[in-house]
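**Q** Starting from the known structure of chain A, fit chain B onto it as the hints suggest.
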Amino acid sequence: MKIEDQKLRNIGISAHIDSGKTTLTERILYYTKRIHAIHDVKGKDGVGATMDSMELEKERGITIASAATYCEWKGHEINIIDTPGHVDFTIEVERSLRVLDGAILVLCSVGGVQSQSITVDRQMKRYKVPCIAFINKCDRSGANPFRVIGQLRTKLGHNAVAMQIPIGLENEAEGVVDLVGMKALYFEGDSGETVREAEIPQNLLEEAKAKREELIDAASLFSDELTDAILNEREITSELIYAAVRKGTLEREITPVYMGSAYKNKGIQPLLDGVNYLLPCPAEIENVAMDMNNNEETVVLDSDPEKPIVALVFKLEDGQYGQLTYIRVYQGTLAKGSIIVNIRNGKKVKVGRVVRMHAEQMEDVEYLKAGYIGALFGIECSSGDTFTSPEINLTMISMYVPKPVISLAIVPKDNKSQLAMAKALNRFSKEDPTFKTFVDNETSDTIIEGMGELHLDIYVERMRREYGADVTTGKPRVAYRETITQRSDFNYTHKKQTGGSGQFARIAGFIEPISDADFIFENKVFGGAIPTQYISACEKGFKQSMAKGPKLEFPITGVKVQINDGASHAVDSSDMAFQACARGAFKDAYLRAKPVIHEPIMKVVVETPVEFQGPVMGLLNQRRGMIIGSQDEDVMCVIEAQVPLAEMFGFSTILRSATQGKAQFTMEFAIYRQVPQSIAEKITLEAAENKKSAA
Amino acid sequence: MIKKEMIYRNPLVNLGYDNEDILPVGGFGAVLAHAGVGKTALLVQLALNMMLRENSVLHVSLNDAVSKVDLWYQELFHDIAKKFDIAEINDYWDKIQPYRFIMTFKVEGFSAPRLEERLTDLLQQNIFKPHMVIIDGFKFDDAGRGQLVQLKELARKYSMSVWFTVHTHRHEPPQENGLPLSFLHVADLFDVIVQLAAKGDEIYIKSLNGKSADSAKNDLLLDPATMLIKNGK
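As you go down the protein sequences, you meet chains A and B in turn. Each residue of the first sequence is one higher than the last, beginning at 1 in the numbering used here. Each residue of the second sequence is one higher than the last, beginning at 1001 in the numbering used here.
Please keep in mind that the hints were generated in silico from the structure rather than gathered at the bench. Hints may be right or wrong, so weigh each one.
Within a straight-line C-alpha distance of at most 30 Å, the following computed BS3-like cross-link-like pairs (lysine-lysine) qualify [stated by the list, open to error]: (1) B:K1095 x A:K548; (2) A:K548 x A:K496; (3) A:K548 x A:K587; (4) B:K1068 x A:K603; (5) B:K1083 x A:K594; (6) A:K413 x A:K403; (7) A:K247 x B:K1106; (8) A:K662 x B:K1068; (9) B:K1095 x A:K594; (10) A:K403 x B:K1106; (11) A:K247 x A:K128; (12) B:K1082 x A:K524; (13) B:K1082 x A:K560; (14) A:K336 x A:K307; (15) B:K1106 x A:K128; (16) A:K594 x B:K1082; (17) A:K403 x A:K603.
Owing to the predicted nature of the structure, the values given are computational and were not obtained by experimental measurement.
So that you can see chain A by itself, here it is in the shape it has in the complex (with noise of 0.2 Å):
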């Protein structure tokens, strides 16, 4: 590994779907000589862009999961995280971002700063990522960057200032005024190779001498020694202006804006510099782990490469050679034949073959030292694993992985889709922890089960474009679950003599509520009357009644059972004697306990022009939702609510119809809390009929 590691770059990029992101990437890879032809996102020549490697987003022309590629340009070394432009896919973006160190914010000239924009910027402020700014798109009639400048100060309350200014427009756009070095760039040949620099045009001079100058003012709060320069009438270097923008970007007080055409391959090489001269390295940026010894307590991680080795999962892959595993080295070397950890499951692995990936082809490489990206062969891991050495217990994620809110039953349609079907569940059961999957004993269907309706949807239609497994899906449900709410005793004797040996047991005991554990058996039992070998008999015969409630089989938690008495015969109990008096036991108690259902509420948030605000607040309290609270921010207003998950199913279309599709929400599971008397005699009626179809 030759390059230097302040000459590491760790970059996103990050964009609106339709902004020409995929097609940035397509070009940087052209011009750092990593491709050698240039393909349309939208896959005009079959071949489709190198950054995508999943056909749905092919067809789609949008990203979905990142690939990870790395690039070489003037002497640095840069690794591209391809961030998902969709905010659905929250894991998948969170770990993204949680592997970058700086990113470039690709804008559209035209389409400008949009409510997708904001989201993205949002997260990008969340996970404190420095950026620069590509206003992408120069070329297409109706462009105007300056505008676009003035969003991102409005909308996204940037610090934004033109390190540019186009030399032409739309279909006149030629190059860019470079106002750092104040010399005009063109980009010539047959795919804008060649960077010509020349003198600035005399038409446009006046502009690009007061842009400079804006650069300068906001440059020089960054820098005494630019302010110097400046109150002392001294030359004012390039380097100078670098030094004091980089120290405001890395600060994220200043979001540098570079301007061209990725299509017209028009202003990449400078936004690469920019990259270079702007954008922090590795050890610039802290990153901190959460220690497993010492109660989730974080620990900053150092980048000496003789440390202990902290390696982050960020994406799995399947490749040609089996599953490829792309890793993150936060602290030490992650060498051929290291020994590390999985902090999940407590394996022990050795690193076998370690790679370096451009798209889907790649680099042998000997180590990857702390800062650097790469991927390992034949690891067995899930994504979102932390690897660490053996003498240390750090992870990078936190272990709380939310429980699924709803499920759907998948159906293949013939074997062969079936085979399909079970090799790509399997796959994204590794890559996302928050999805499930299992066979319902019952009716035999596969139960899929994740964190809300798109999650699934793009699940399911992964699994068919890319695994090729023809399935028909049943309509969502939504995990509803049943607790009690009140203390119940019992003393329940199971009896059976019909023939053979027979079988006896006696329970007694109570069950009450709990709320901070789904399930607490406790043994009172004193003086033998229940022989210590059939106790764990009876906490697992408790334990199998609470899979299903005996009225509407929603799984019950919360609930503390304790036995204290009972009584067993010398020839007729049984471990299966007790386990199905304990079942009885708790059927009878259950029934007493006053059960209640209990729904999974969901933290919504929706971001609405302000106009808006009144519809969205309408339409959220018409879902049963509970408005937390309204965030007013200039020209856009952020809604809190708490919506039960059952009254969101469609929820998007109806809000991008209320809103001329100016709105946007996400939703992340909050709490569950108990039905209202109301709706709970709905789902009892729904959950009778759906037992009877079943029969």
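**A** Only chain B this time, still in chain A's reference frame:
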């Protein structure tokens, strides 16, 4: 039980105010203190008291995000109710939470017409009708009297009472009546004025204006550790 406990703790009644609501309809109240002494904590306790009595509270914050304001409520509610079972507390919280609505604005984006616009959104669709409004972070130094007069009209129009936090500065010595100079020009608009003053390890809650003449004088303190109101020695 929680309800009783909370109502018992109605903070300002102990200072000698006439009724539980303290402010009349359309009335203004102010809590004066230096930064970080506990203005928000005190008002959130007043709000919780209102919510428990099934009256709605609109909390307008010009400093903090919705999530932070929500956290104030949750923390103080849990602190007050901590001797009860956690399940009971959570249940009760679920019951009273709908009586609260948080709105946040940027200081420069806040104005009486803007608040009215938002209120109309809520009222027209029958989403929320506040009895009491808290405005936290209002800049008295900059805002002219006109802004407050407009808010007062709004309070009367929608039959609400409004509490403000007033940030006083350490460099500004109080006037004879105990009020800071920057507040004097609007003080007559306020029915109740309460001051929080740190003395040693204690934070005293003093009434500067608005309680009945014959009411007994009680000392109230804000516990600096929990920010909960407690009776003085």
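**Q** Which hints from the list above does the structure break, by number from lowest to highest?
**A** Checked against the structure, the only hint that fails is number 10, while the rest are satisfied.
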